[in-house]
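A.B. asks: Protein chains in written order, with our numbering: chain A, 569 to 889; chain B, 569 to 889; chain C, 569 to 889; chain D, 569 to 889.
Each hint can be trusted.
Identical copies carry no separate label here, and so any pair may be met within one copy or between two of them.
Lysine to aspartate or glutamate pairs mimicking DMTMM-like chemistry, simulated, CA-CA at most 20 Å apart:
1) K706 x E693
2) K706 x E860
3) K706 x D850
4) K706 x E858
5) K706 x D848
6) K706 x E752
7) K706 x D754
These are calculated hints, taken from the structure and not from any lab test.
Number of protein chains: 4
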Amino acid sequence: MTGEPIHDLAHIGHAELLTPRPEESLGFFERVLGMEVEAREGRSVFLRGWGDYQRYSLKLTEAERAGLGHMALRAWSQDALERRVAAIEASGLGHGWIDGDLGHGPAYRFSDPDGHALEVYFEVERYSPPEPLRPALKNQPQRYTGRGAAVKRLDHVNLLAADVRANRTFAEDVLGYRLYERVELDDGSEAGAWLSRSIAAHELIYVRDARRSRGRLHHLAFWVDTREEVLRAADLFLENGVHIEAAPSKHTVAQGFFLYGIEPGGNRIEVTNGGYLVYDPDHPPTVWSEAERARGQAWGVRTVESFHTYGTPSDEPVPGR
Amino acid sequence: MTGEPIHDLAHIGHAELLTPRPEESLGFFERVLGMEVEAREGRSVFLRGWGDYQRYSLKLTEAERAGLGHMALRAWSQDALERRVAAIEASGLGHGWIDGDLGHGPAYRFSDPDGHALEVYFEVERYSPPEPLRPALKNQPQRYTGRGAAVKRLDHVNLLAADVRANRTFAEDVLGYRLYERVELDDGSEAGAWLSRSIAAHELIYVRDARRSRGRLHHLAFWVDTREEVLRAADLFLENGVHIEAAPSKHTVAQGFFLYGIEPGGNRIEVTNGGYLVYDPDHPPTVWSEAERARGQAWGVRTVESFHTYGTPSDEPVPGR
Amino acid sequence: MTGEPIHDLAHIGHAELLTPRPEESLGFFERVLGMEVEAREGRSVFLRGWGDYQRYSLKLTEAERAGLGHMALRAWSQDALERRVAAIEASGLGHGWIDGDLGHGPAYRFSDPDGHALEVYFEVERYSPPEPLRPALKNQPQRYTGRGAAVKRLDHVNLLAADVRANRTFAEDVLGYRLYERVELDDGSEAGAWLSRSIAAHELIYVRDARRSRGRLHHLAFWVDTREEVLRAADLFLENGVHIEAAPSKHTVAQGFFLYGIEPGGNRIEVTNGGYLVYDPDHPPTVWSEAERARGQAWGVRTVESFHTYGTPSDEPVPGR
Amino acid sequence: MTGEPIHDLAHIGHAELLTPRPEESLGFFERVLGMEVEAREGRSVFLRGWGDYQRYSLKLTEAERAGLGHMALRAWSQDALERRVAAIEASGLGHGWIDGDLGHGPAYRFSDPDGHALEVYFEVERYSPPEPLRPALKNQPQRYTGRGAAVKRLDHVNLLAADVRANRTFAEDVLGYRLYERVELDDGSEAGAWLSRSIAAHELIYVRDARRSRGRLHHLAFWVDTREEVLRAADLFLENGVHIEAAPSKHTVAQGFFLYGIEPGGNRIEVTNGGYLVYDPDHPPTVWSEAERARGQAWGVRTVESFHTYGTPSDEPVPGR
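Model the full assembly from the supplied sequences, consistent with the hints where possible.
C.D. replies: The following block contains the structure:
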């Protein structure tokens, strides 16, 4: 990164997930992940973790095919929003303003180079819990109910991309994301990039789409506060018949502690904890070679083939079915 | 202990808890501790943890006053049961046989020297889960639902006694309990005794009743598999308005990791993990002096006064009210 | 099990491990597993975990080939010892008395049907820590130093056997072990048996030797008190170049939480936590079918081929080399 | 906060701790906290956690009295550094440039209103591990040795101040810190303020000095990645004779999981984990009233009197001596 860092975007505010099995998907997010239904509108249900300060971080929408509806980024301020919109428009990937959606104000729609639908917005409604969900500690947005995996919030989004480098540099140059780690193959192409708008080791990930499709989702990741809760989530996945694609273990890249499952709609969902915080303001990105990546995850685990090929939407069989 | 060890009793099969607020107490055990209602009969509800192999380990009974209804010990075999009954009868504390209760066969009723109502039995019904509670792994009696603190089973019972030594030696000599730790005050009297019928560091505890009452209960303890779950239970107590009498920390004696709360009926309940296993068949009991006990818990925590004086039933105010 | 249970043996007192690389193996047990050297004698080093009440639970002996030297079982009493010796002699597998070894008294040597060298003994020296290893809490045999994985004690031993059933029934009928789980293949043969002398879910395991060799070791397992410590041990294995054969995850059988690595001498070592306690005195063993075993570990993990074929001694390459 | 946020400072780069018992203090930080000695110079030893990207985060300096030597803040860039220096100079609290110290370039010295010695700098040497400390994963600055509590890095600094509000507004307006939580007493005065330059819930804390002294330190806090490691650190404190002033529990404010001990020099040290991340760019600070603070920590724990009165330097007895 050269020049002054761009601090205009704060974080991923929410993601919209598409599902062809809306009732079953809702059951997964509500009972297994333990999220709360905050609102319903049309074919969408808005869900929240107990740590979300906004009304929701997941919009679950019925659709013919699984995949990402859109992902929305919150700006630091109105001025910051306008600066980013100007930069996006200059990139030629802007689509224009919309009035907003449930819980937030005007948003500007655009695409990343791979074609994923993105938005930026600033104005937001903060969550106000109804009595049964009022927390005991007022520095917490909502009661911790402990239901299911009891995820705290949406943590990061992993997008597949035909050209990782193009999307990574767009995220850096236009959106102001910081690059913390990336994988460079022997042919010089980029297989993955881990980006963040904060000290968290990753908030936005681009991974190469093995099928060279466009606009696909690898996974949404939801945060829990301990590794023990990730292990507990694995037991809950097992007991509830949720296909575990990758059992809890530790990633090499970003060192996140993971559990991957497939929700009933066919989308891959991660329950995550761990990783590291990047306090270095000019952190030199870690670059992994093809040989280094071939060694598997941190403790030697080899993730299954589908983990490297499957994304949504897909014409292939859903893993575990 | 001299002579051959007595292996006739296996474990505490269940405890009956009395509550003057049956609906609220049931809410606590079902929603906050996460137990399942296995049966109802008369003024009693029978509850189980997900790891109980019998139908229940807690019988919750409506009564005018809080306290222990009775505690039932399961024998290793029918012969073992008869041997223990003979020993109890010889002690003069036997009351006679009853036909059994829900889930188990004939039981012999007796008292310990302090007057607590005890039973021994052998025949038992093993738990057979209904479809919604069938576990994914068949070496587990019931599905892990993860609801509330999700306690696994009744772990140990702590009884108050006017004369600890008399009850401790009764437990050793007549019931075959092994003594692992005890507290001896400067005046030679005994302030507490930690006994077990297995390698677990404590299953039955006698602690001196500061009020010199008889037949009172200090607490029932329920097991969770990790210390993290004890911490999680503390958050759930906090969110559900359960009075925390002692926040999670580590005991000096037996090294158990604890959380103590008061259930709505006024009884003290522990969520527990940790401790150590005693593999030594002729383990020399650890004896703590008055001065050693004065140092507090393992990490220096001083438990509140009520922890050392309150038991059920009680004429004193319930802690936290 | 029919008839009265046999309570004569208490637990596995220690195991002797053979290593062709004694210095490196010692480095592993002392620095990576964090055990203490209690004594040295001839070509052996005696090591202990911080929770061992005896002087040691591991005897590490230089030898041409890796494998189990012997495994020693402690009896409940002198009478119990003599009863078991009589039973062993009656089985035709007894070898005779030896004077004892460092830290324990007279021992009777024998073989299991597969030819593993076993011993039973009763008299023992309890550990008395030198000043730098004196614990803060006197109900603990030794200071917790926290060095390396800081294993607490030897937990269980897994032996390979050409004929699992023959060894399992010997352990039950002659030694008094209780069977908690076993695997029965479609052809009626037995692929594994999990046995215990206590409420712990396994202390002695027999697993079929894929090579049909005799007297081989699958692994020794050392206990840590939390799953978090197993995860931490995996980081320490990684940092210290110890080959991780199976990253931390949860077993289906016995539900133990595991980490398997290969120590420098070529023997497989487990760091373990979890499992369940069997309070039921007439616990019906869980029997797993071939199809059920084919589903992998609890969260779907498939252990690598070497886990199912490699044992010590071996003519095959050591995993990870 | 009004106007555009100030993003010029990145984090607390290091703190200098003064100790009248340098050898014993060094023993504490090296063996009990598990930090590495990176360099020595004059009367100072420079120590690092395994996650520090700079050469050190703690400078331990022999002095007549305990306390904070200075605290140094790293800027985002050279331009950002100059902007902050200009703001500091305008505040009248600037002292002037120094050439730098081991591991970093030119620094500007100044005071906060309470008189604590502070510095800002940008240029830094990144840590390059010697062979024995090279990590297995290259996205980690140093090998995880697991020695002692194995703290990862300096996490936050808690300063006592006669006038919390004056210091808090200085940190916000001049340094660009964000205020996440504060305590306001019934008389309108401020008893504490929790500030951060990142999404972490606190990096810089001001708490009212009960003695109305100036320039004193409440504590330095070092991070570990799990609550289990905080519990483990408590065992290590116990085994190593480190006075535990507050056993592990959960704070109400900022929800950090804590362990407080007193290092041999007399300074209070925290081992910390937990808390929450603040993704909201215009997070409304939580304001706690006097009555709310009187309820104790999250699970009801009452911290001891010394926790609210003792700071360094002090003329009072060191807690635990």
